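Q: Taking the hints into account, I'd like the entire structure generated from these sequences.
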Amino acid sequence: MSELKHVGQPSVRIDGLDKVSGAAVYVDDMDFGPNLLHAEIIESPFAHARIKNIDTAEAEKIPGVVKVVTGDDFPYRFGLYMQDRWIFARDRVRFVGEQVAAVIARDAQTAKLAAKLVHVEYEELPYVLDLEGALKEKATLVHPDLEKYNHCAWFFPQAGTNIAHWRKTRKGDMEKGFKEADTILEDTYTVPRYAHCAIEPHVIVGLYDLSGRLTLWSASQSPYTQRHVFAEALAPLGLKHKDVRVVTPYVGGGFGGKAGVSMEILGAALAMMVKGHPVKVRWSRAQEFYNTYQRQGVIARIKLGVKKDGTITAIEHTLHWDAGGYVEYGANVVNAVGLSATGPYRVPNVKIDSVCVYTNLPPGGPYRGFGYSEFMFGLESHMNRIAKMIGMDPVEFRRKNAICGGDTLPYGAEMNPSGLVEAIDKVAREIDWGKKEVSKDPNKAIGKGFACFWKAPAMPPNAASAAFIKFNEDGSLNLTVSGMEIGQGFLTVMAQVAAEVLTVPVEHIRVELPDTDRNAYEWQTVGSHVTWGCGNAVKAAALDAKAKIFDTVHRALGFAVADLYLEKETIKCRTKPDFAMALKDMVISGIQTKRGNFIGGPILGSGMFMPEFTSATGDPETSQGGHPNVHYTVGASAVKVEIDRKTGKIHVLKAVLAADVGKAINPDLVKGQVTGGVVQGLATALYEDIRYDHKGKLLNPNFTDYKIPTALDIPDEIVPIIVEVAQPDGPFGARGVGEHTMIPAAPVIANAIEDALGIRIKSMPLTAEKIALELNHIPYDDVKGHYIGLCFLGKPEAYEFKTSPGKQKKAKS
Amino acid sequence: MKKTISITLNGERRSIDVSPSDILLDVLREKLGIKSPKIGCERGDCGVCTILYDGKTVRSCLILAIEADGHEITTVEGLGRDGLTPLQHAFVDRNAFQCGFCASGMVLAATELLRHNSHPDKKEIQEAISGNLCRCTGYEPIIEAVREVSRKAGKRS
Chain A
1 MSELKHVGQP SVRIDGLDKV SGAAVYVDDM DFGPNLLHAE IIESPFAHAR IKNIDTAEAE
61 KIPGVVKVVT GDDFPYRFGL YMQDRWIFAR DRVRFVGEQV AAVIARDAQT AKLAAKLVHV
121 EYEELPYVLD LEGALKEKAT LVHPDLEKYN HCAWFFPQAG TNIAHWRKTR KGDMEKGFKE
181 ADTILEDTYT VPRYAHCAIE PHVIVGLYDL SGRLTLWSAS QSPYTQRHVF AEALAPLGLK
241 HKDVRVVTPY VGGGFGGKAG VSMEILGAAL AMMVKGHPVK VRWSRAQEFY NTYQRQGVIA
301 RIKLGVKKDG TITAIEHTLH WDAGGYVEYG ANVVNAVGLS ATGPYRVPNV KIDSVCVYTN
361 LPPGGPYRGF GYSEFMFGLE SHMNRIAKMI GMDPVEFRRK NAICGGDTLP YGAEMNPSGL
421 VEAIDKVARE IDWGKKEVSK DPNKAIGKGF ACFWKAPAMP PNAASAAFIK FNEDGSLNLT
481 VSGMEIGQGF LTVMAQVAAE VLTVPVEHIR VELPDTDRNA YEWQTVGSHV TWGCGNAVKA
541 AALDAKAKIF DTVHRALGFA VADLYLEKET IKCRTKPDFA MALKDMVISG IQTKRGNFIG
601 GPILGSGMFM PEFTSATGDP ETSQGGHPNV HYTVGASAVK VEIDRKTGKI HVLKAVLAAD
661 VGKAINPDLV KGQVTGGVVQ GLATALYEDI RYDHKGKLLN PNFTDYKIPT ALDIPDEIVP
721 IIVEVAQPDG PFGARGVGEH TMIPAAPVIA NAIEDALGIR IKSMPLTAEK IALELNHIPY
781 DDVKGHYIGL CFLGKPEAYE FKTSPGKQKK AKS
Chain B
1 MKKTISITLN GERRSIDVSP SDILLDVLRE KLGIKSPKIG CERGDCGVCT ILYDGKTVRS
61 CLILAIEADG HEITTVEGLG RDGLTPLQHA FVDRNAFQCG FCASGMVLAA TELLRHNSHP
121 DKKEIQEAIS GNLCRCTGYE PIIEAVREVS RKAGKRS
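Line order of the protein sequences matches chains A and B. For the first sequence, counting from 1, position 777 maps to 777 in our numbering; every step adds exactly one. For the second sequence, counting from 1, position 33 maps to 33 in our numbering; every step adds exactly one.
Honestly, the hints are just simulated from the structure, not real lab data. Be aware that one or more of the hints could be misleading.
Which chain B residues face chain A? A few, computed with CB under 8 Å, are given here [said to hold, decoys possible]:
#1 Tyr-53
#2 Glu-77
#3 Cys-102
All of these numbers come straight from a predicted model, not from anything done at the bench. Where a beta carbon is used, it is the ideal one built from N, C-alpha and C, also for glycine.
A: Right under this line is the structure:
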């Protein structure tokens, strides 16, 4: 293979000038003229209530109010993987803040004022906020009609219960596995909910124009999926997919929060009610917290068996998830974990139960890491503890059990090539593993923590990507894809892939933001899969364009296609050393023959990609038999922390993270993902802390009370390490890395705390308060009279992993 | 109830009718077409609405438009009128942004710092931008971009 010229280079981002000059346009920056209407949403004040009556008369009388709508206007269900939502709550509300009605007015102030005059009469219902309450016998059902919902084939809802989905994975012989073990450790870990906190709030503008076209300008990671969900949900109103257009300009951060469809359904639905007028729905920061998606809370029980020599013999991992009032996306997070909760280790005997439970809290959903950040906290804490129990170094223990290419995955398929051992070794070296350090300050203790991670994209087996390439007269080209630039540098990476194939430099390539009318298809920008999936489509499109270029030369000049090659935007021929034709001289106007006519025409390339080897057909009782995941990206991480023995405050001196990205198409952008992900992850580990009152109301939906990191809260040093064990089916060997960098943050901190102070904290976040109390042997009371973000009210170890029997429902074929 | 205010916006005198309750951020965005200050939290927490107000960084979501009467306002649109500043170039070179939503405010916060202190240390940079939240970058590349400008400024003198 010839040397790579563009792939592997730290190319400057192609969206840089836009973003630092103020030129970048986000949805809320677009001008829609004086005809623009504004919507204000009327929200449920109750966690669970029946809607008895909605009186809109008073609001409708306010001058400037154009329309007041309620759930009765939209008797349509929607949802990505499970259609468990109405557009507006109809029969009942299921969480505090749920949309019940909307006022559409000429200006935002009028809409806000009139919304206060919409009178909703509720009958309060018993509610369930915690898992124990949701799973007990005769629990209040959040969705009594669960059995009627349409859902994807790989979900297994349990009708008559609050269990929306239960993913079971079974491999080997558990009894034998634990019998072989010399040491068994069993314990419980809890992880509360978290919020994405993209700095741009969700916003959508919808226009149902007078010709009957519905256009949405949406701050989204998923333009095509949004179009599909909108078109399906609103099909009864006569919309076809071709009539729905989703345009996504720059988006101000996503992290999973802008995946799928959450509040955006309101923009689409409201537009249908005010034909001819664009209508804007913009979320406030508070709504951003309670009515998009939240990372789900989980309580997990791990039973792990190991031999004296460190070999893992068996794992039993039971996870109960607080998925909130709607699980149309969140249940797939639970599913993903149910397939992978062994972590990146070779485990012969596996029993995983990942149970998705409805509660009357805001809907859970995807957040960078997609369940792996959540379960890895417990698992990687557990790995450290059991290594210590058998007297083995925790890094050596992980190294011994590290999964390798060709090993059997929990669901029976084969593991992809993996550089995990290399990552472990490089991280251990960088953090000076084994070298005990002492703080100069006697009041402070230094500790080191280590953890591994893995994650696969969670995608339907037919999640596809496509790309178009169109050359311009000067030989520059436009590339259209519908993967989303959410900050990760996607546009630049796609340009680098096209550049490599076509020898056109990145600065001569424009990659356009998605518009479903003209850009090629992309399922969604989630799961860290677009570099891989869309990258494959772009590469295919570039090869297609190249084939058309060579075909044109062959037809015009008679050269054999096999002899042609590209070099620096020029066509060359191996058998004709003197021949050189610049791309710009033929990509639009073709090539003139000796007879004076022209052969060829504007060069277009198209490419598509689908992981044709995947399937979601595993046995519902064991998950064996399918191939649900395309591949795993693996890696390792470590921190060195300094902890104040009096206050418990942690200062991160150094964080190291190595990821096996297959091939870093742009190493600088990979490093950017590491730096950003490490800081975001450390915040969930150290202080981000969501709190609800005992009636299910979120208490801290703002940045004053929900602390995200500032520039003062970063580690002294972050060291990204790139490992490159090629992914055979990736573009130039690449696989994704966006989410992974956040995953190991919590366990590395938990393990470092133990290393420094000898205490083990099993519930996130690992706050200074918890550490200080633990050091003083004062029991930590997480509840203090109020319900909080934890999905279980009592001591975690007291939680019984019981599920009440419901009517078992067979899987849909 | 409307009152006419006059401001110097990115070097240009502008007059505009505002209501006493109008927020400066909304007037900039909706009435004056200046979109680089963003709406992020509407309560002064996040810093994406940062502007330079008589040369000092101010959160435009926290002041009334009427208070700006007679004052000078600079946004990123005005900062790069004669080409990008060295700091903006450093932001591009160092990948000191990802989604870009915080970039305008961040550039202004760092610009203010460098005007008063051409050679800030790391801590001073962190302090200066600590009112501007960024969820993507982990701040390190932003700090590096500011340091790069500082280093280059040092060479020239």
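Q: Going by Cβ atoms only, is Cys-102/B closer than 8 Å to chain A?
A: Holds, about 5 Å.
Q: Let me know if the C-beta of Tyr-53/B comes in closer than 8 Å to any C-beta of chain A, holds or violated.
A: Check failed: Cβ of Tyr-53/B comes no nearer than 17 Å to chain A, outside 8 Å.
Q: Please check whether Glu-77/B passes as an interface residue: C-beta within 8 Å of a C-beta belonging to chain A.
A: This hint holds: Glu-77/B lies near chain A, its Cβ roughly 5 Å from the closest one there, short of 8 Å.
The earlier numbered hint that this structure contradicts is number 1, and it is the only one.
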